[in-house]
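Trainee: Using the sequences plus the hints, can you model the full thing?
Top to bottom, those sequences are chains A and B.
Position one of the first sequence corresponds to residue 1 (the working numbering), numbered consecutively onward.
Position one of the second sequence corresponds to residue 301 (the working numbering), numbered consecutively onward.
Keep in mind the hints are simulated off the structure, nothing from the lab.
Here the structure is a predicted model, which means the values were calculated and not measured.
Just so it is clear, CB atoms sit at the ideal spot from N, CA and C, and this is done for glycine as well.
Hints may contain errors.
[Stated by the list, open to error] The following residues of chain A were derived to be distant from chain B, with all beta-carbon distances above 12 Å:
(1) Asp85
(2) Thr130
(3) Asp155
[Said to hold, decoys possible] With a cut-off of at most 20 Å between alpha-carbon atoms, the simulated DMTMM-like pairs for lysine to aspartate or glutamate come out as follows:
(4) B/Lys530 to B/Glu499
(5) A/Lys286 to A/Glu258
(6) B/Lys579 to A/Glu109
(7) B/Lys303 to A/Glu224
(8) A/Lys14 to B/Asp580
(9) A/Lys127 to A/Asp112
(10) B/Lys315 to A/Asp126
(11) B/Lys315 to A/Glu97
(12) A/Lys72 to A/Asp85
(13) A/Lys19 to B/Glu553
(14) A/Lys268 to A/Glu224
(15) B/Lys579 to A/Asp85
(16) B/Lys303 to A/Glu97
(17) B/Lys315 to A/Asp112
Here's the letter readout for the chains.
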Amino acid sequence: MVLGTQSLSKRFGKNWVVKDLNLKVYKGDVFGFLGPNAAGKSTTIRMLLGLVRPTLGKIEIFGYPLSKSPKKALSRVGGIVERPDFYLYLSAKKNLEILGTLSGGIRKERIDEVLELVGLYEWANDKVKTFSHGMKQRLGIAQALLSNPELIILDEPTSGLDPQGMKEVRELIVRLSRERGITIFLSSHLLYEIEQVANRMAIINKGNLMVQGNVKSLLRDIKEIVVILKATPLKIAFDLLRKQDWVSSIVINKDSLEVKLPYNLISKMNAFLVESHIEVSAIMPKRTLEDYFLSITGNA
Amino acid sequence: MLKLIHIENIKTFYKWRTGIGFLAIGVLLPLMMIGMKLDMRHGPPAVAERTVRSLRENFFVIGSIFNGFSAAYFVMHSLWVHIPFLIALVAGDQIAGESAAGTFRISLIRPVSRTQVMTAKFITTLIYTTLLILFLGLLSIGLGILFFGRGDFLVPRPRAVLVLTEGQTWLRFGLAYILAIWAMWTIASLAFFLSTLAENSLGPVIGTMAIVIACLIISRTPLQLFKKIKPFLFTTYVDGWLKAFQEPIPWNEISSSVLYLGMYIFGFFALSLIVFNRKDILS
Numbered sequence: 001m002v003l004g005t006q007s008l009s010k011r012f013g014k015n016w017v018v019k020d021l022n023l024k025v026y027k028g029d030v031f032g033f034l035g036p037n038a039a040g041k042s043t044t045i046r047m048l049l050g051l052v053r054p055t056l057g058k059i060e061i062f063g064y065p066l067s068k069s070p071k072k073a074l075s076r077v078g079g080i081v082e083r084p085d086f087y088l089y090l091s092a093k094k095n096l097e098i099l100g101t102l103s104g105g106i107r108k109e110r111i112d113e114v115l116e117l118v119g120l121y122e123w124a125n126d127k128v129k130t131f132s133h134g135m136k137q138r139l140g141i142a143q144a145l146l147s148n149p150e151l152i153i154l155d156e157p158t159s160g161l162d163p164q165g166m167k168e169v170r171e172l173i174v175r176l177s178r179e180r181g182i183t184i185f186l187s188s189h190l191l192y193e194i195e196q197v198a199n200r201m202a203i204i205n206k207g208n209l210m211v212q213g214n215v216k217s218l219l220r221d222i223k224e225i226v227v228i229l230k231a232t233p234l235k236i237a238f239d240l241l242r243k244q245d246w247v248s249s250i251v252i253n254k255d256s257l258e259v260k261l262p263y264n265l266i267s268k269m270n271a272f273l274v275e276s277h278i279e280v281s282a283i284m285p286k287r288t289l290e291d292y293f294l295s296i297t298g299n300a
Numbered sequence: 301m302l303k304l305i306h307i308e309n310i311k312t313f314y315k316w317r318t319g320i321g322f323l324a325i326g327v328l329l330p331l332m333m334i335g336m337k338l339d340m341r342h343g344p345p346a347v348a349e350r351t352v353r354s355l356r357e358n359f360f361v362i363g364s365i366f367n368g369f370s371a372a373y374f375v376m377h378s379l380w381v382h383i384p385f386l387i388a389l390v391a392g393d394q395i396a397g398e399s400a401a402g403t404f405r406i407s408l409i410r411p412v413s414r415t416q417v418m419t420a421k422f423i424t425t426l427i428y429t430t431l432l433i434l435f436l437g438l439l440s441i442g443l444g445i446l447f448f449g450r451g452d453f454l455v456p457r458p459r460a461v462l463v464l465t466e467g468q469t470w471l472r473f474g475l476a477y478i479l480a481i482w483a484m485w486t487i488a489s490l491a492f493f494l495s496t497l498a499e500n501s502l503g504p505v506i507g508t509m510a511i512v513i514a515c516l517i518i519s520r521t522p523l524q525l526f527k528k529i530k531p532f533l534f535t536t537y538v539d540g541w542l543k544a545f546q547e548p549i550p551w552n553e554i555s556s557s558v559l560y561l562g563m564y565i566f567g568f569f570a571l572s573l574i575v576f577n578r579k580d581i582l583s
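Mentor: Have a look at this one:
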């Protein structure tokens, strides 16, 4: 286990922001940490990175207790907490030099490497105050990668980015995990983001852990799902499906159908339509993780 | 630790606010010297008039008793209340500035202890304070000599005349500036401590000045009520540099004031460590 928490709890004043949290992150995981706003995600991440002291409970990183051996525990960890803020009056390179020194010393070539990796090499000597939000976010990832970490903890790394920037960051996360074997702990309120990049996940709401496990297995637990169905002729498909008792509900749109049915009957629906001479061009789950998320956090 | 101090120095000395103190002194001192030089056309400058007046009661004064050392002494005397502000401006920003900027979120997640970070920041604060006072000293003596020349130094004292030879004067100024640096380290430590309590640097700067002014009022007000508190206030000792110009030098008084101020410096730093090590980084 790369990262584990035992009964991790944090109280601010009288409010328990995180309660009895038991997380397990294994080597090579891309671990999604989901929750609505004010669920306790950022506080948990701050505790994992030593910025906030837990009120109760333990954190172990690479087998080292964070409270007793913070240096050893954090030596192989990189992270971003919320939006990355830098010394704006210094250049990107100087910022990384400073952070490298705090990490125990980094080769100068390594700074160029990470700047190259995130596409900021050209702006290495520019002051960070001239950077756009996207560039700062990429510099945030560069600083997280600086010390060749084996675990990266990212708090909403795509927050505030445009769609292209979000896509690039997600691709980078997947690449880091696949090509370099880096374990990634990723929090997000963008539910589809976790679905796209994570293999394991935990969902937190009001400080409580709701569920934890393999993303695919958890999704299989969903009893019913809404799928977008594209078929020709659409009207006939609609008439056929609405007569089936295993279809819970069906809505016809301009060029597609929204069909709600049990998760394990999607293939049956496909076979039924093909046998009825309907040409099926696409069946897409509609925001599966979000539906799941909303149902277990009670916001459905 | 040296590397940490180095990066804290980069962070501090690359900031524009760090330059404000040097800029203020660099602009103000030449103006004061020029003003005194212009005053000299009509006799001793106004700042030396009090000394001359008391001397004339008993002596015939022929020639000029005002030189570069007199100017430097006057500058030190008159800027003494303002220097703490320039020090608090930087010292008060050391922790609160990073809290406000959010940079602790990238620096304190690294394998480095908060105590080490704080120690490096504190040493950097002391380095800044030392450089600022040395800059004040070198510029005031340098410009003073340039504008008014050198010679024996007539120390302005009430109902007494103390003339120091030029050689003695250099040594006395050296001692005075060492004591001044020590006193200003106390102010810097106070601002540094307040900086650990705040989330932006305005609070520590205002807080430091409010405490210094309040304590100065208590220290200087001849009331029985304050008499018992006075020995425990750091402001009672911050003008200890003046003792360097007494004859004989009151070493016992200097030692005790150095000791008291040292306790304050250590105390403020220890409190800063305790507060910061327990602090949750939330901003």
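Trainee: Each hint needs a verdict: does it hold in this structure or not?
Mentor: Tested hints:
1. Asp85: 3 Å, violated
2. Thr130: 15 Å, holds
3. Asp155: Contrary to the label, aspartate 155 of chain A does not stay out of reach of chain B, its closest Cβ about 9 Å off (not over 12 Å).
4. B/Lys530 to B/Glu499: 32 Å, violated
5. A/Lys286 to A/Glu258: Holds - the C-alpha atoms of glutamate 258 of chain A and lysine 286 of chain A are around 8 Å apart, at most 20 Å.
6. B/Lys579 to A/Glu109: 35 Å, violated
7. B/Lys303 to A/Glu224: Not satisfied, since the Cα-Cα distance of roughly 59 Å exceeds 20 Å.
8. A/Lys14 to B/Asp580: 16 Å, holds
9. A/Lys127 to A/Asp112: This hinted pair holds, its Cα atoms lying about 16 Å apart.
10. B/Lys315 to A/Asp126: 16 Å, holds
11. B/Lys315 to A/Glu97: Holds, because 17 Å separates the two Cα atoms, which is no more than 20 Å.
12. A/Lys72 to A/Asp85: 25 Å, violated
13. A/Lys19 to B/Glu553: Violated, at about 58 Å.
14. A/Lys268 to A/Glu224: Answer holds: lysine 268 of chain A to glutamate 224 of chain A is near 14 Å, not above 20 Å.
15. B/Lys579 to A/Asp85: 19 Å, holds
16. B/Lys303 to A/Glu97: 11 Å, holds
17. B/Lys315 to A/Asp112: With Cα atoms ~25 Å apart, lysine 315 of chain B and aspartate 112 of chain A exceed 20 Å; violated.
Violated hints, in rising order: 1, 3, 4, 6, 7, 12, 13, 17; the structure is consistent with all others.
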